[in-house]
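So you can see what is in the structure, the chains are spelled out below.
There are 2 protein chains.
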Amino acid sequence: MEIMRPMEIENKSFEIISRELGDRVLDKNCEPVIKRVIHTTADFEYADSLVFSEGVIEKSVEILKAGACIVTDTQMAMAGINKAAVARCGCEVMCFMSNSEVAEQALAEGTTRAAISMRKAAEIEKPLVIVVGNAPTALIELNNLINEDKVKPKLIVGVPVGFVNVVESKELIMKQNIPSIVARGRKGGSNVAAAIVNALLYMASPRDINQ
Amino acid sequence: MEIMRPMEIENKSFEIISRELGDRVLDKNCEPVIKRVIHTTADFEYADSLVFSEGVIEKSVEILKAGACIVTDTQMAMAGINKAAVARCGCEVMCFMSNSEVAEQALAEGTTRAAISMRKAAEIEKPLVIVVGNAPTALIELNNLINEDKVKPKLIVGVPVGFVNVVESKELIMKQNIPSIVARGRKGGSNVAAAIVNALLYMASPRDINQ
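Residue numbers (UniProt numbering), protein chains in the order written: chain A, 1 to 211; chain B, 1 to 211.
You may find that some hints are simply not true.
In this list, chains with the same sequence are indistinguishable; a pair is considered to hold if it fits within one copy or across any two.
[Stated by the list, open to error] Here are the computed lysine-lysine pairs in the PhoX-like style, where the Cα-Cα straight-line distance is at most 25 Å:
#1 187 with 175
#2 120 with 28
#3 83 with 120
#4 175 with 28
#5 187 with 35
Calculated directly from the structure, the hints in this document are not laboratory data.
All chains, please: the whole structure from these sequences, using the hints.
Pasting the structure below:
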């Protein structure tokens, strides 16, 4: 098998994805996000399950270009976000999951570290992008914090995965009047979260071909 | 919605997965791995696509208990592997993807960093577990290195995802006489790779309930 350059592989993958999507019409603005998620998962269900709030792509590009603080609910999602693209946009990425105070507080309250880490995020005063790829408890806590006027993210990427409260937590976020990208249903994941953020970052600041 | 403790959520998720698998009979040894991958992806296709070489679970548990060097093809897979479980088994985890020499060599040779990082892994003299969740080029290079007698991993977790050479690269690895767990077809990912490794680590050394 011939080994190709990374960008050649990516371009060929996107061609295959476009071909297999066939004559399906995707929203032009949302298309790069949908295709990148399919590229990351090889799962075409995302063409149906990703839900975009009105104008979210244009708003996201603007937010990222202005430099936002991106907070993820897992180290994995943080690891998957392209750091060169983050730097080009003047953004920063954080995750509080390995913070020892967060772990202690979660244990004391009988909740998850992900939920507590959303409270830590709410204390940040910069424009916030909240990225949840794993824990529905993070989305539920975020929803509570929004209802209590304790935080107002500029963008929510809500794609936790799983079987307990996952579907419901995403429906809560979609009802908020905040720009959001959500994967309806059980599916999602840290890889999907990172793919969505990367697609938006690449729209905000195109990549060098060697990266 | 009630927020539950992490282990309660996980236990309830596994109950739902077992129920939805219905009367399907899974190999008892492989079951914890299959269920953890479904837990991570909410994708039941993995009950069909995961291919286990003969005796791979018993062999993996033995290898991990003896302390192995686990090398991943992405920072994301490394981030997803439970570090407490790694430490309990006396293992270590490495990833060479952010190594600047690896990047330079990949650019010079017109190949991927993932392929070059497999050559770095081949230089390690400890018992090796190779974990590929993203790049088929890593699996192809690994296959070449095995054929050239330059490396002989104790275990290969081969679950790259995508559209170009992914299916083929996994078939190559399954033909090697090396213990392997592979996700046949296009699907896989860093999250799937980490889930498989974690399932094996938890079998090798059971978790503290609070972790």
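Margin query: If you test the structure against every hint from before, which numbers come out violated?
Written below: Hint 2 alone not satisfied by this model.
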